[in-house]
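Peer 1: The chain contents come next:
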Amino acid sequence: MKLESMYQEIILDHYKNPHGRGLREPYEAEVHHVNPTCGDEVTVRVHLEGSGADAKVVDLSYDSLGCSISQAATSVAYDLVVGRTVGEAFEVLAAYQEMVQGRGKVEADEDVLDDAVAFAGVAAYPARVKCALLGWLAFKDAVAQADENAPELEGQR
Amino acid sequence: MKLESMYQEIILDHYKNPHGRGLREPYEAEVHHVNPTCGDEVTVRVHLEGSGADAKVVDLSYDSLGCSISQAATSVAYDLVVGRTVGEAFEVLAAYQEMVQGRGKVEADEDVLDDAVAFAGVAAYPARVKCALLGWLAFKDAVAQADENAPELEGQR
Amino acid sequence: MTSLASVPTTTGATLDVEKIRADFPILSRTVRDGKPLIYLDSGATSQRPRQVLDAERHFLETSNAAVHRGAHALSEEATDAYESARERIAAFIGADDGEVVFTKNATEALNLVAYGMSNALTSDDPKAERFRVGPGDEVVVTEMEHHANLVPWQEFCRRTGATLRWFGVTADGRLDLDPSVITERTKIVAFTHQSNVLGTVTPVEQIVAMAKAVGAYTVLDACQSVPHAPVDVHALGVDFAAFSGHKMLGPSGIGVLYGRRELLEALPPFLTGGSMIELVRTERSTYAAPPARFEAGVPMTSQAVGLGAAVDYLNALGMENVHAHENTLTAAALEGLQAVDGVTIIGPRNLESRGGAVSFEIDGVHPHDASQVLDDSGIAVRVGHHCAWPLHRAFGVQSSIRASFYVYNTLDEVQALVDGVRRAQDFFARDGVSL
Amino acid sequence: MTSLASVPTTTGATLDVEKIRADFPILSRTVRDGKPLIYLDSGATSQRPRQVLDAERHFLETSNAAVHRGAHALSEEATDAYESARERIAAFIGADDGEVVFTKNATEALNLVAYGMSNALTSDDPKAERFRVGPGDEVVVTEMEHHANLVPWQEFCRRTGATLRWFGVTADGRLDLDPSVITERTKIVAFTHQSNVLGTVTPVEQIVAMAKAVGAYTVLDACQSVPHAPVDVHALGVDFAAFSGHKMLGPSGIGVLYGRRELLEALPPFLTGGSMIELVRTERSTYAAPPARFEAGVPMTSQAVGLGAAVDYLNALGMENVHAHENTLTAAALEGLQAVDGVTIIGPRNLESRGGAVSFEIDGVHPHDASQVLDDSGIAVRVGHHCAWPLHRAFGVQSSIRASFYVYNTLDEVQALVDGVRRAQDFFARDGVSL
Ligand SMILES: Cc1ncc(COP(=O)(O)O)c(C=O)c1O
Ligand SMILES: Cc1ncc(COP(=O)(O)O)c(C=O)c1O
Ligand code: FES
Ligand code: FES
Chain A
1 MKLESMYQEI
11 ILDHYKNPHG
21 RGLREPYEAE
31 VHHVNPTCGD
41 EVTVRVHLEG
51 SGADAKVVDL
61 SYDSLGCSIS
71 QAATSVAYDL
81 VVGRTVGEAF
91 EVLAAYQEMV
101 QGRGKVEADE
111 DVLDDAVAFA
121 GVAAYPARVK
131 CALLGWLAFK
141 DAVAQADENA
151 PELEGQR
Chain B
1001 MKLESMYQEI
1011 ILDHYKNPHG
1021 RGLREPYEAE
1031 VHHVNPTCGD
1041 EVTVRVHLEG
1051 SGADAKVVDL
1061 SYDSLGCSIS
1071 QAATSVAYDL
1081 VVGRTVGEAF
1091 EVLAAYQEMV
1101 QGRGKVEADE
1111 DVLDDAVAFA
1121 GVAAYPARVK
1131 CALLGWLAFK
1141 DAVAQADENA
1151 PELEGQR
Chain C
2001 MTSLASVPTT
2011 TGATLDVEKI
2021 RADFPILSRT
2031 VRDGKPLIYL
2041 DSGATSQRPR
2051 QVLDAERHFL
2061 ETSNAAVHRG
2071 AHALSEEATD
2081 AYESARERIA
2091 AFIGADDGEV
2101 VFTKNATEAL
2111 NLVAYGMSNA
2121 LTSDDPKAER
2131 FRVGPGDEVV
2141 VTEMEHHANL
2151 VPWQEFCRRT
2161 GATLRWFGVT
2171 ADGRLDLDPS
2181 VITERTKIVA
2191 FTHQSNVLGT
2201 VTPVEQIVAM
2211 AKAVGAYTVL
2221 DACQSVPHAP
2231 VDVHALGVDF
2241 AAFSGHKMLG
2251 PSGIGVLYGR
2261 RELLEALPPF
2271 LTGGSMIELV
2281 RTERSTYAAP
2291 PARFEAGVPM
2301 TSQAVGLGAA
2311 VDYLNALGME
2321 NVHAHENTLT
2331 AAALEGLQAV
2341 DGVTIIGPRN
2351 LESRGGAVSF
2361 EIDGVHPHDA
2371 SQVLDDSGIA
2381 VRVGHHCAWP
2391 LHRAFGVQSS
2401 IRASFYVYNT
2411 LDEVQALVDG
2421 VRRAQDFFAR
2431 DGVSL
Chain D
3001 MTSLASVPTT
3011 TGATLDVEKI
3021 RADFPILSRT
3031 VRDGKPLIYL
3041 DSGATSQRPR
3051 QVLDAERHFL
3061 ETSNAAVHRG
3071 AHALSEEATD
3081 AYESARERIA
3091 AFIGADDGEV
3101 VFTKNATEAL
3111 NLVAYGMSNA
3121 LTSDDPKAER
3131 FRVGPGDEVV
3141 VTEMEHHANL
3151 VPWQEFCRRT
3161 GATLRWFGVT
3171 ADGRLDLDPS
3181 VITERTKIVA
3191 FTHQSNVLGT
3201 VTPVEQIVAM
3211 AKAVGAYTVL
3221 DACQSVPHAP
3231 VDVHALGVDF
3241 AAFSGHKMLG
3251 PSGIGVLYGR
3261 RELLEALPPF
3271 LTGGSMIELV
3281 RTERSTYAAP
3291 PARFEAGVPM
3301 TSQAVGLGAA
3311 VDYLNALGME
3321 NVHAHENTLT
3331 AAALEGLQAV
3341 DGVTIIGPRN
3351 LESRGGAVSF
3361 EIDGVHPHDA
3371 SQVLDDSGIA
3381 VRVGHHCAWP
3391 LHRAFGVQSS
3401 IRASFYVYNT
3411 LDEVQALVDG
3421 VRRAQDFFAR
3431 DGVSL
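Residue numbers (our numbering), protein chains in the order written: chain A, 1 to 157; chain B, 1001 to 1157; chain C, 2001 to 2435; chain D, 3001 to 3435.
Since the hints were derived computationally from the structure, they do not count as laboratory data. Glycine residues also receive a C-beta, built at the ideal position from the N, C-alpha and C atoms. Each hint should be verified, as a subset may be incorrect.
[As the list claims (entries may be wrong)] Computed list of lysine-lysine pairs in BS3-like fashion (alpha-carbon distance at most 30 Å, straight line):
id, chain 1, residue 1, chain 2, residue 2
1, D, Lys3019, B, Lys1130
2, A, Lys105, A, Lys130
3, D, Lys3035, A, Lys130
4, A, Lys16, A, Lys2
5, C, Lys2127, B, Lys1130
6, B, Lys1105, D, Lys3035
7, B, Lys1002, D, Lys3019
8, C, Lys2035, A, Lys130
9, C, Lys2127, C, Lys2212
10, C, Lys2035, A, Lys105
11, B, Lys1056, B, Lys1130
12, C, Lys2019, C, Lys2035
13, D, Lys3035, D, Lys3019
14, C, Lys2035, A, Lys2
15, B, Lys1002, B, Lys1105
16, A, Lys130, A, Lys16
17, B, Lys1130, B, Lys1002
18, A, Lys56, A, Lys130
[Stated by the list, open to error] Chain B residues, not near chain D, derived (Cβ > 12 Å throughout):
id, residue
19, Glu1004
20, Leu1023
21, Asp1040
22, Ser1068
23, Gln1071
24, Glu1098
25, Asp1141
26, Gln1145
If we strip away everything but chain A, and leave its shape as in the complex, we get (with noise of 0.2 Å):
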């Protein structure tokens, strides 16, 4: 069915779990979003380490208002992102916005996407990528905000 295809069970759990959440110090740099069709909200902060891609990602901290898509995805991507370097994040970011709006015809490397991968049923519902996109977005602004050396990320226009 459907539905439980895009609610997959880890999803849920990460949604009533989040994982990481909290607005923690120290930060480089502290980024606001808002989706502007629901008008929910996610503030991010990251604390690297270093510059460039190689910079490591130290921390990202969060608050969120919003769907259990969009807090499921922010908090897999603090397991996905803190512990690796910023190219190694914006890899997984890459692949996950590919994935996510591939409307469904994007073959999902799990090797990459780890855990992120149970979003790809989100790319059936073209109104609930934003949703999934929402802190990983804000994360990358953040890395840009923090660090001026921050790689370019991959199939961006």
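Based on the hints, put chains B, C and D with the ligands in the right spot on chain A.
Peer 2: Relative to the frame of chain A, chains B, C and D with the ligands by itself:
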């Protein structure tokens, strides 16, 4: 044939040999009207004696650029209003306007309309109604400007 | 599960909904793997009966031409069809023909008023002076406005230097008509006839009286009233009113501005171009009388014809009956939803001065998630702020779920909505984890 | 009677006009007591093929919903259909998706640019500063503009204090590109791609180069070019371009504004309301990225779908072939009409840089009278100033007769036009009285 029913001989005659054409003195008011759809123009002067419905139309002089219908209509107007009272002239105009705007559903009163009854066929061509009225309505405005006691035109809204 | 059998049906003629539904081809389709479509989003846009589709197609296959621009047979027929639609639409709202201007939607109609008035500042037509507004002057809106009757006034104030003031909303979803809001400084009062979120019907006569007392113009957003109940703009006494074709069984791409004759005659033009001019010279142009003055360019011809057919359709049903039918559905929805634990209605909870938009929240289930479950059952509702963000902020909510009804909806569909809400609760409470 | 047999047919693939005509239901009707319709008024509005009517109807019977506003199945389908139409229309003119804004007609599109730019004066967005224009600045138009690309700039000058300047027209119907007109003071150059009266195709690249040299923005009226020949807005290098759906086999009620991405991103909004906002607060609002920023309210959904189908239809014919077909008809009309004593063509008399609008005068027969005789033979042409009053004044004529051609017209119809002109001459010369 419909075309001939609009372009009655009498209309073509007035078109080819307009009566009373030219701008003359004396006059109390001059107005200039333009038909915005075709750009055609008419300038009308009236010379009245007296005031109110009983004032006499001593002269209606005009200069115009326009189609056969508008030219002929102004020429017929000259014939029908000069020498009459404003009240009588407006009665003709009211009947005339009702006829040409009547979509062919209004019975023309030949006693009142005289030669102007030739314009009955125009009613079948809504795009030409303005042509048939251009000179007449300029006359009406000129009278209103010339005499503040000029009567209202019947059936106007 | 609550039974809706207890819902009172109104007296008087009722609608033959089965017969009506047969006129709407889209209602027989299925969605999401075979679920019958339950369309409860007419507040956003309504569906169109065969009669409207046919009228438009017939026009296009027989008389399509540029209106008011040609002397040939087709052009005459097209002009007749267009102007006949205007007459019927004017009559539908109790206006004269010359008081009805066609726009692309209600949003354009409201912008037309706002720009027409700000253009009075640079117009050299003495008739336009009455519309001049500047610093020190005030425009009053309400907190329950749709963005379409709010943002144009924010921008109007930006252009003119006037100040925006607000009527607030009470906890039960009514306007708080604080008498200190409208003052001698007030030049324009823009307000909705019926809230697209709360369903609240506002006291138009009372607000018009307040505005008239200080000589302010009134601009009524009639988007949610004209489609659903008898409306007579002359009786209401408003200066301007706007509504959209697509919310009243008509085509998209057409809206209507009503303006009192005297005001339309004085208002400077907004969009300029072909068909709205009187004389064009290189230095300057002069403009035609209304309604032509406000209809620049080739207009929405077939759409006007379609809207004319929609009005004919609604007239045949009878607007009193339409209203009574929606009351029945609204009462059922209010009763059914309030019987579900954890559901909170936003807006009036009874039928008093209330139309058929029912917005609500479900504890612990985000509106978008709830709507996804409803959608999975074939039920189309709207979620979000419904273009009424300040109103949602006033109620302290991010977004809400809105069901809205029209002539083709049934009590069974209302029941399906209530059942769907329970299913959403179950879905997100599964595994016994409470949210 | 001139025979048109001598008219050269172009090389390359030609259109199968019989097959095309079968797609247009209206072309099989008769007018004025049984005369077959000869529709030579496509320059005003074109007719629509079954494929376009069907696409719109199919959409309305299956997927109609408010776009970009709902999370339910219909709304997703409707949004897809709407955005897919945008993609195909953008590709048709060589633009990117985000560079195409839907408006109600070309007139609105041109007003959008003019108001967007004057709104820059009160905008607090630093990106908008580049559009600020005021006293001392100049806007250049041409004497051959349609009112739609002229009056909005007169009004723009009124709002901003800028001055309007003009490129004149030569006796043979070309632009007189006097190099002194565009100066350092020029901020905007608004001009047509193809005159709707003369048929003249203007030297776009040359004008763009002149404008670029002084940093002025270019606004192209592409109403008469996009429907009739291949157009690539990126290759032309213009900043903005506008055209209408109803002139290119598509629905009325939809037009297109093309804007270079960078400029649309900086241009302040015009119409405001739902779906074009980012954040709405009581004090002020912020706005969405283009194209949404410029599409306030529920849009012309089915009309966009119809225009998408029209573009598909034209692509299937091939715009090169459309152009070649029209060249054949235009050459025949120019030759046939010039062979009639007393007929004067207004505009270029050969095919060089010229499209298929042929305007003319008949000595001693007023255009409206002539058109009445043509109409009586079933021939629909347009008469008047064709919304190009300054151009007519430049040629010293009050009004003219215009025949305009499209994919469904035939050489026989051109012959009928020429015969009709002779009949008009005979009709008004009857009784031997010369006029
Ligand atoms: C050259 C030109 N520009 C602008 C327009 C205006 O187009 P619309 O009336 O569809 O807005 C037209 C057609 O009327 C035209 O021919
Ligand atoms: C109350 C209200 N006002 C204005 C509008 C705007 O109407 P449209 O989008 O058709 O212009 C709507 C609907 O979206 C509405 O519900
Ligand atoms: S519904 Fe708002 S982010 Fe998902
Ligand atoms: S056509 Fe101009 S007045 Fe008749």
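Peer 1: Work down the list of hints and note, for each, if the structure agrees.
Peer 2: Comparing the hints with the structure gives:
{"no.": "1", "hint": "D/Lys3019 <-> B/Lys1130", "result": "violated (40 Å)"}
{"no.": "2", "hint": "A/Lys105 <-> A/Lys130", "result": "holds (18 Å)"}
{"no.": "3", "hint": "D/Lys3035 <-> A/Lys130", "result": "violated (58 Å)"}
{"no.": "4", "hint": "A/Lys16 <-> A/Lys2", "result": "holds (21 Å)"}
{"no.": "5", "hint": "C/Lys2127 <-> B/Lys1130", "result": "holds (26 Å)"}
{"no.": "6", "hint": "B/Lys1105 <-> D/Lys3035", "result": "holds (24 Å)"}
{"no.": "7", "hint": "B/Lys1002 <-> D/Lys3019", "result": "violated (33 Å)"}
{"no.": "8", "hint": "C/Lys2035 <-> A/Lys130", "result": "holds (26 Å)"}
{"no.": "9", "hint": "C/Lys2127 <-> C/Lys2212", "result": "holds (20 Å)"}
{"no.": "10", "hint": "C/Lys2035 <-> A/Lys105", "result": "holds (24 Å)"}
{"no.": "11", "hint": "B/Lys1056 <-> B/Lys1130", "result": "holds (26 Å)"}
{"no.": "12", "hint": "C/Lys2019 <-> C/Lys2035", "result": "holds (21 Å)"}
{"no.": "13", "hint": "D/Lys3035 <-> D/Lys3019", "result": "holds (21 Å)"}
{"no.": "14", "hint": "C/Lys2035 <-> A/Lys2", "result": "holds (13 Å)"}
{"no.": "15", "hint": "B/Lys1002 <-> B/Lys1105", "result": "holds (16 Å)"}
{"no.": "16", "hint": "A/Lys130 <-> A/Lys16", "result": "holds (20 Å)"}
{"no.": "17", "hint": "B/Lys1130 <-> B/Lys1002", "result": "holds (19 Å)"}
{"no.": "18", "hint": "A/Lys56 <-> A/Lys130", "result": "holds (26 Å)"}
{"no.": "19", "hint": "Glu1004", "result": "violated (9 Å)"}
{"no.": "20", "hint": "Leu1023", "result": "holds (19 Å)"}
{"no.": "21", "hint": "Asp1040", "result": "violated (6 Å)"}
{"no.": "22", "hint": "Ser1068", "result": "violated (5 Å)"}
{"no.": "23", "hint": "Gln1071", "result": "violated (8 Å)"}
{"no.": "24", "hint": "Glu1098", "result": "holds (23 Å)"}
{"no.": "25", "hint": "Asp1141", "result": "holds (21 Å)"}
{"no.": "26", "hint": "Gln1145", "result": "holds (25 Å)"}
Hints 1, 3, 7, 19, 21, 22, 23 from the earlier list are contradicted by this structure; the remaining hints agree with it.
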